[in-house]
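Colleague: This is what each chain is made of:
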Amino acid sequence: MTDRIEQRINSLNKRLNSEKRFRIYCIGAMSFALAWVLILFLNIFSSGYSAFYRTVIQVDVPFLNLIEDTTQFSEMSSEDINNLSMYSFSKKAIYGLFPDIEEKKDKKMLIRLFSIEFEQEIREFLKSNKSNINETETIYLTASDDVDQVNKGNYPRDLDEDKRRIKDIQLLFFDDLVDRGLVSYEFNLPFLMRGDSREPELAGVGGSIVGSLFTILVVLILSFPIGIFAAIYLEEFAPKNRVTDFIEININNLAAVPSIVFGLLGLGIILNTFGLPRSTPLVGGIVLSLMTLPTIIIATRASLRAVPPSIREGALAVGATKMQAVMHHVVPVAMPGALTGTIIGLAQALGETAPLLLIGMVAFVVDVPQTPLDASASLPVQVYLWSESAERGYVEKTSATIMMLLGFLILMNLAAVLIRRKFETKW
Amino acid sequence: MKSIKIKADNLNVYYGEKQALFDVSMYMEEKQVTALIGPSGCGKSTFIRCLNRMNDVIDICKVQGKIEIDGNDIYAPDMQVEQLRERVGMVFQKPNPFPKSIFENVAYGPRIHGIAEHKSDLEEIVVTSLKKAALFDEVKDRLYDAGTGLSGGQQQRLCIARAISVNPDIILMDEPCSALDPIATARIEELMGDLKTEYTIIIVTHSMQQAARVSSRTGFFHLGKLVEVDKTETIFSNPSDQRTQDYITGRFG
Numbered sequence: 001m002t003d004r005i006e007q008r009i010n011s012l013n014k015r016l017n018s019e020k021r022f023r024i025y026c027i028g029a030m031s032f033a034l035a036w037v038l039i040l041f042l043n044i045f046s047s048g049y050s051a052f053y054r055t056v057i058q059v060d061v062p063f064l065n066l067i068e069d070t071t072q073f074s075e076m077s078s079e080d081i082n083n084l085s086m087y088s089f090s091k092k093a094i095y096g097l098f099p100d101i102e103e104k105k106d107k108k109m110l111i112r113l114f115s116i117e118f119e120q121e122i123r124e125f126l127k128s129n130k131s132n133i134n135e136t137e138t139i140y141l142t143a144s145d146d147v148d149q150v151n152k153g154n155y156p157r158d159l160d161e162d163k164r165r166i167k168d169i170q171l172l173f174f175d176d177l178v179d180r181g182l183v184s185y186e187f188n189l190p191f192l193m194r195g196d197s198r199e200p201e202l203a204g205v206g207g208s209i210v211g212s213l214f215t216i217l218v219v220l221i222l223s224f225p226i227g228i229f230a231a232i233y234l235e236e237f238a239p240k241n242r243v244t245d246f247i248e249i250n251i252n253n254l255a256a257v258p259s260i261v262f263g264l265l266g267l268g269i270i271l272n273t274f275g276l277p278r279s280t281p282l283v284g285g286i287v288l289s290l291m292t293l294p295t296i297i298i299a300t301r302a303s304l305r306a307v308p309p310s311i312r313e314g315a316l317a318v319g320a321t322k323m324q325a326v327m328h329h330v331v332p333v334a335m336p337g338a339l340t341g342t343i344i345g346l347a348q349a350l351g352e353t354a355p356l357l358l359i360g361m362v363a364f365v366v367d368v369p370q371t372p373l374d375a376s377a378s379l380p381v382q383v384y385l386w387s388e389s390a391e392r393g394y395v396e397k398t399s400a401t402i403m404m405l406l407g408f409l410i411l412m413n414l415a416a417v418l419i420r421r422k423f424e425t426k427w
Numbered sequence: 001m002k003s004i005k006i007k008a009d010n011l012n013v014y015y016g017e018k019q020a021l022f023d024v025s026m027y028m029e030e031k032q033v034t035a036l037i038g039p040s041g042c043g044k045s046t047f048i049r050c051l052n053r054m055n056d057v058i059d060i061c062k063v064q065g066k067i068e069i070d071g072n073d074i075y076a077p078d079m080q081v082e083q084l085r086e087r088v089g090m091v092f093q094k095p096n097p098f099p100k101s102i103f104e105n106v107a108y109g110p111r112i113h114g115i116a117e118h119k120s121d122l123e124e125i126v127v128t129s130l131k132k133a134a135l136f137d138e139v140k141d142r143l144y145d146a147g148t149g150l151s152g153g154q155q156q157r158l159c160i161a162r163a164i165s166v167n168p169d170i171i172l173m174d175e176p177c178s179a180l181d182p183i184a185t186a187r188i189e190e191l192m193g194d195l196k197t198e199y200t201i202i203i204v205t206h207s208m209q210q211a212a213r214v215s216s217r218t219g220f221f222h223l224g225k226l227v228e229v230d231k232t233e234t235i236f237s238n239p240s241d242q243r244t245q246d247y248i249t250g251r252f253g
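So the sequences go chain by chain: A and B.
Counting from 1, one number per residue, gives the positions in the first sequence under my numbering.
Counting from 1, one number per residue, gives the positions in the second sequence under my numbering.
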């Protein structure tokens, strides 16, 4: 008798121990996955956060050298100001930082501390403050990428001079400016507002954010209604036979097709046959819709299938037509699931790169697109473009763009969760 | 002798290859409760679902024979099934209120059929239906709460209110009490007694006591065949078929 009890206890202990081990394996697997996510985030964040501020250098601009009476600016139109010749005036303002420099070569080096758009920046300042310009104004001019990177500590100063883009004399100027308190940081708003640029300090993600938003908008407009209607038909109205089986298999296959294939389809049919404009969010959206449709259809069908059949019967039994039963009762219950599927599909589309490369959304676009018919880049393509660039400024901008992309993805997934929580039918 | 409301004539029903009903012929009297009893899988639910053509939903279901309501063949090609279901309401085994408010549950039928022209008419229909279903007093303060938040018995009465909201002639009840406790069951049975003054009721039930309590005529189904149909007293006291005798005395089923 006691033997049997002992046996039982032993076997129970064995089972409990194996459960403990199993639990440790599971926790281990989860920690491993989590650790990689954490490393990824840390890596991207640590190299990307510095793109959100930029180095500016304070310059005193003597406007009196440009015009006799600075109040006259207030009477000038923007066009008049655009017509003012300001290049050498702007350069002189910068030389004013180091009045002792005589040599032309050194002056050139000094100018190169600044972004090439210094003249434009002074002009913009003049335009937006034209009504009260003093004789001398202090303007914060964007530093060149090299200075920016040195200031952020991303640039090794101890290399030989011929291996550095920034020269010794420039470092001297820079250190002197720092000592005089003229170098400072400010929030990098232009990074969020501007389009791409060949100058790293001037390049922004604004163009690709807008491009991505337009693309997603096109995807939403196309694939949401088509996906929902297709799913409703297949789930509620279509007879169950070989043809619908075949369609179902193909939709599932479509969901597994590599995305670059859709890009080829877009290139061959949408661009070449239909002649829609290349590199545009419209075409990108159409191509990504094809990719998103199966996701939406599968998710919507699953949530339609989850609606208890008794609801359909209840509606039919009071004399509703099949369409009324479906549209009044089944679809509202299934909607949160369908929306969740749609948002997840959109998030996929947002992060998709390969098909966009083939339809030309990989182009270098300086302007922020105004409509879905303007050429534009998108966030993931921007990452791809910048990751290939040599300048140091693009390294942090690549990571910062990934941060923006991840931010949008997290926002969308959050929206999916919230929608599901809020509109889920409580039984 | 009451007038005959529903008449089924040589009804055969197939689910694909499998035959579920064999030559069922019976009639049901107007404004009476007719009970259908029999063991599980005997075809009584199949039969009742033929009466408002709910079986149409099932692709593989095929119906042969004839069912007449007030002398009209309901399987005739020109019969519109939505119109039929407006006249033949149905209450299901498990309460299945819509996941909407109590008011919306009852208002849905009248609304889609265009019965109520004004909002006030609709409100009146909802209140009358809830009263007829003996639910109004319990829910009058929370008409706009979710119908799915009610207790099981209340939900089933809500479904009855929904069925009578479109003013049918006939109410089909497919084991309406099988998911309910005895007290809720008693309330529904009591309700059936009130409703039969206005409606013809067909009820499928597993409980022989319930059949005996509520119905005036009872049909006994077994293996897809209608074994016997007669006055309820006769079925329960002096059945003519041995199988009926065995079933009601609890020897099988």
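Since the hints were derived computationally from the structure, they do not count as laboratory data.
Treat each hint with caution, since some may be false.
When the alpha-carbon atoms are kept at most 27 angstroms apart in a straight line, the in silico BS3-like pairs for lysine-lysine are as follows [stated by the list, open to error]:
1. A:Lys322 - B:Lys140
2. B:Lys7 - B:Lys131
3. B:Lys62 - A:Lys240
4. B:Lys119 - B:Lys100
5. A:Lys104 - A:Lys92
6. B:Lys196 - B:Lys62
7. A:Lys322 - B:Lys94
8. B:Lys119 - A:Lys322
9. B:Lys18 - B:Lys225
10. B:Lys100 - B:Lys140
11. A:Lys422 - B:Lys100
12. A:Lys322 - B:Lys225
13. B:Lys100 - B:Lys131
14. A:Lys167 - A:Lys91
15. B:Lys7 - B:Lys196
16. A:Lys20 - A:Lys107
17. A:Lys152 - A:Lys91
18. A:Lys14 - A:Lys92
19. B:Lys2 - A:Lys322
20. B:Lys18 - A:Lys240
21. A:Lys104 - A:Lys91
22. B:Lys100 - B:Lys31
23. B:Lys231 - B:Lys2
24. B:Lys119 - B:Lys66
For the chain B half of the interface with chain A, some residues (derived, Cβ under 7 angstroms), not all of them [as the list claims (entries may be wrong)]:
25. Arg85
26. Asn96
27. Phe98
28. Ile112
Here are the simulated distance ranges between beta carbons [to be verified]:
29. B:Asp78 - A:Met323: 17 to 27 angstroms
30. A:Met193 - B:His118: 50 to 60 angstroms
31. B:Gln242 - A:Ile9: 50 to 60 angstroms
The beta carbon of each residue, even a glycine, is placed where N, CA and C say it ideally should be.
Colleague: All hints are to be evaluated individually against the structure, with a verdict given for each.
Modeller: Status of the hints after comparison with the structure:
About 31 angstroms separates the Cα atoms of Lys322 (chain A) and Lys140 (chain B), which puts this hinted pair outside 27 angstroms; it is violated. Our distance criterion of 27 angstroms between C-alpha atoms is broken by Lys7 (chain B) and Lys131 (chain B), whose separation comes to about 31 angstroms. For a cut-off of 27 angstroms, the pair hint linking Lys62 (chain B) to Lys240 (chain A) stands: about 16 angstroms separates their Cα positions. A hinted pair counts as satisfied when its Cα atoms are at most 27 angstroms apart, and Lys119 (chain B) with Lys100 (chain B) qualifies at roughly 18 angstroms.
For the hint pairing Lys104 (chain A) with Lys92 (chain A), the CA-to-CA distance comes to about 12 angstroms; that is within 27 angstroms, so the pair holds. A C-alpha spacing of about 31 angstroms is found between Lys196 (chain B) and Lys62 (chain B), which places the hinted pair above 27 angstroms, so the restraint is violated. For the proposed pair Lys322 (chain A) and Lys94 (chain B), the alpha carbon gap of about 21 angstroms is at most 27 angstroms, so the pair holds. Taken as a hint, the Lys119 (chain B) and Lys322 (chain A) pair is honoured in the structure, with Cα atoms around 25 angstroms apart against an allowance of 27 angstroms.
Straight-line distance between C-alpha atoms of Lys18 (chain B) and Lys225 (chain B) comes to about 14 angstroms, which keeps the hinted pair within the 27 angstroms bound. Taken as a hint, the Lys100 (chain B) and Lys140 (chain B) pair is honoured in the structure, with Cα atoms around 16 angstroms apart against an allowance of 27 angstroms. A hinted pair counts as satisfied when its Cα atoms are at most 27 angstroms apart, and Lys422 (chain A) with Lys100 (chain B) qualifies at roughly 15 angstroms. For a cut-off of 27 angstroms, the pair hint linking Lys322 (chain A) to Lys225 (chain B) is broken: about 31 angstroms separates their Cα positions.
With a C-alpha separation of about 19 angstroms, the suggested pair Lys100 (chain B) and Lys131 (chain B) falls inside the 27 angstroms cut-off, and the hint holds. Note on Lys167 (chain A) and Lys91 (chain A): the hinted pairing holds, with a Cα-Cα distance of about 19 angstroms set against a maximum of 27 angstroms. Taken as a hint, the Lys7 (chain B) and Lys196 (chain B) pair is honoured in the structure, with Cα atoms around 18 angstroms apart against an allowance of 27 angstroms. Between Lys20 (chain A) and Lys107 (chain A) the alpha-carbon distance is near 73 angstroms, which puts this suggested pair outside the 27 angstroms criterion.
Only pairs whose Cα atoms come within 27 angstroms are accepted, and Lys152 (chain A) paired with Lys91 (chain A) is accepted, the gap being roughly 25 angstroms. For the hint pairing Lys14 (chain A) with Lys92 (chain A), the CA-to-CA distance comes to about 85 angstroms; that exceeds 27 angstroms, so the pair is violated. At most 27 angstroms may separate the alpha-carbon atoms for a hinted pair to count; Lys2 (chain B) and Lys322 (chain A) exceed this at roughly 36 angstroms. Under the criterion of a C-alpha separation no larger than 27 angstroms, the hint pairing Lys18 (chain B) with Lys240 (chain A) is consistent with the structure, at around 18 angstroms.
In summary, the hint linking Lys104 (chain A) to Lys91 (chain A) is supported, as the alpha carbons are separated by about 12 angstroms, within the 27 angstroms threshold. A threshold of 27 angstroms between alpha carbons decides the hint, and for Lys100 (chain B) with Lys31 (chain B) the separation of about 31 angstroms lies outside it, so the pair is violated. For the hint linking Lys231 (chain B) to Lys2 (chain B), the alpha-carbon distance of about 12 angstroms falls within 27 angstroms, and the restraint holds. Between the alpha carbons of Lys119 (chain B) and Lys66 (chain B) the distance comes to roughly 40 angstroms, so the proposed pair goes past 27 angstroms and is violated.
With a least beta-carbon distance of about 4 angstroms to chain A, the hint placing Arg85 (chain B) at the interface is held under the 7 angstroms criterion. At its closest, the beta carbon of Asn96 (chain B) sits 4 angstroms from a beta carbon of chain A; the interface hint therefore holds under the 7 angstroms criterion. The restraint placing Phe98 (chain B) at the interface with chain A holds, with a minimum CB-CB distance near 6 angstroms, inside the 7 angstroms limit. At its closest, the beta carbon of Ile112 (chain B) sits 6 angstroms from a beta carbon of chain A; the interface hint therefore holds under the 7 angstroms criterion.
The beta-carbon spacing between Asp78 (chain B) and Met323 (chain A), approximately 21 angstroms, falls within the hinted interval of 17 to 27 angstroms. Checked against the given bound of 50 to 60 angstroms, the beta carbons of Met193 (chain A) and His118 (chain B), roughly 56 angstroms apart, stay inside it. Between Gln242 (chain B) and Ile9 (chain A) the C-beta distance comes to about 58 angstroms, which sits within the given range of 50 to 60 angstroms.
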